[in-house]
Amino acid sequence: MRDMASLIFIKENDFNKAWVLAMKKILSQGVKITLKDNRGTQEVLDTCQQICLSGYALRQIQDHKVHPRYPYLSTESYCKEWTPGYLAAHQLKRMHQYLAYERLAAYPSRSGLVNQLGAMKDSLARQIEGGYVDDRCQAITWDPGVDLTSEASPFVQRVWARVYPGRKVDAHFYWRATDCYNHWQSRLICILEMFSRDVLAPNDCRLVRAVLNYDSLFIRCCDIGSAEAVEMIPVDMRKVYR
Numbered sequence: 007m008r009d010m011a012s013l014i015f016i017k018e019n020d021f022n023k024a025w026v027l028a029m030k031k032i033l034s035q036g037v038k039i040t041l042k043d044n045r046g047t048q049e050v051l052d053t054c055q056q057i058c059l060s061g062y063a064l065r066q067i068q069d070h071k072v073h074p075r076y077p078y079l080s081t082e083s084y085c086k087e088w089t090p091g092y093l094a095a096h097q098l099k100r101m102h103q104y105l106a107y108e109r110l111a112a113y114p115s116r117s118g119l120v121n122q123l124g125a126m127k128d129s130l131a132r133q134i135e136g137g138y139v140d141d142r143c144q145a146i147t148w149d150p151g152v153d154l155t156s157e158a159s160p161f162v163q164r165v166w167a168r169v170y171p172g173r174k175v176d177a178h179f180y181w182r183a184t185d186c187y188n189h190w191q192s193r194l195i196c197i198l199e200m201f202s203r204d205v206l207a208p209n210d211c212r213l214v215r216a217v218l219n220y221d222s223l224f225i226r227c228c229d230i231g232s233a234e235a236v237e238m239i240p241v242d243m244r245k246v247y248r
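First residue of the sequence shown? That's 7 in my numbering, and the numbers climb one at a time after it.
Note that these hints are calculated values from the structure, not bench results. Just so you know, even glycine gets a beta-carbon here, dropped at the ideal spot from N, CA and C. A hint or two may mislead.
Claimed, not checked - Per label pair, the in silico range of CB-to-CB distance:
id, residue 1, residue 2, range
1, E49, P90, 36 to 44 Å
2, T47, I134, 23 to 31 Å
3, M238, E82, 19 to 27 Å
4, A235, E49, 15 to 23 Å
5, L79, K30, 18 to 26 Å
6, A235, P90, 36 to 44 Å
7, Y92, K71, 21 to 29 Å
8, G124, V37, 37 to 45 Å
9, M238, R173, 46 to 54 Å
10, D176, H70, 16 to 24 Å
11, K42, K86, 26 to 34 Å
12, A95, G124, 16 to 24 Å
Please model the entire structure based on the sequences and the hints provided.
Okay, structure coming up:
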């Protein structure tokens, strides 16, 4: 179905290579659509992608090692929005209509605010102690009462995790939409840093695979030339492992 977004799968152990590959797939297989969001309408090349990262890619993310041609320059400040301190200030001043981290750490349910990340952390602890796995170890961000009519809503929709022997964790992240050229690397760095700090570190666990599911991974048509100019960079193969 050439008039629908292509379904694409990428498995990589290099963070920067994965970004370049995802863009190349969009440029070669993306379908042109008119997208409307909080910035208005824009022409984009769109795809649906599942990207699996492991090995050295996770170390690169941990160390904030983005591609030299990655255009977003505010990754460090953006990561602060995924911290308890920023959340406290946000709740005090209500600086924005929503905060993605707030939905994970203080989700508005009928029974009150729920710290879903804390619940995931506790779930992993019980699973490790009990020697079993629980498919309910997850957190969501979508609040239909707000987001169905809002111009801006969280791009991350759901986080799911499973623990394996040796305290190894496989985490799945479900994304509503992401601008691959401008935001893919920075958003992933921030959410994995948050997940490691709030869920994994307290249990002495280690992330061994991140599965990223994108309903819409796109490049704006105005950025096509810049995206096409991005090239692969040499990698020290001694650091890349599977």
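Hint check results:
1. Remark: the range hint 36 to 44 Å for E49 to P90 is upheld by a beta-carbon distance near 39 Å.
2. As the Cβ distance of T47 to I134 is approximately 48 Å, the hint placing it in 23 to 31 Å is violated.
3. Judged by the Cβ atoms, the range 19 to 27 Å given for M238 and E82 holds: they are separated by roughly 25 Å.
4. Restraint check, A235 to E49: a C-beta distance of roughly 19 Å satisfies the suggested window 15 to 23 Å.
5. For the pair L79 and K30, the beta carbons lie near 23 Å from each other, so the given range of 18 to 26 Å is met.
6. Between A235 and P90, the C-beta spacing of about 39 Å keeps the proposed range 36 to 44 Å intact.
7. Checking the proposed 21 to 29 Å range against Y92 and K71 shows it holds: the Cβ atoms sit about 23 Å from each other.
8. Taking 37 to 45 Å as the suggested C-beta distance range, the pair G124 and V37 conforms, at roughly 40 Å.
9. A hinted range of 46 to 54 Å is violated for the C-beta pair M238 and R173, which are about 34 Å apart.
10. In this structure, D176 and H70 meet the distance hint of 16 to 24 Å, their C-beta atoms being roughly 22 Å apart.
11. Under the hint 26 to 34 Å, the C-beta atoms of K42 and K86, about 29 Å apart, fit the expected range.
12. A C-beta distance of roughly 19 Å is found between A95 and G124, which places it inside the suggested range of 16 to 24 Å.
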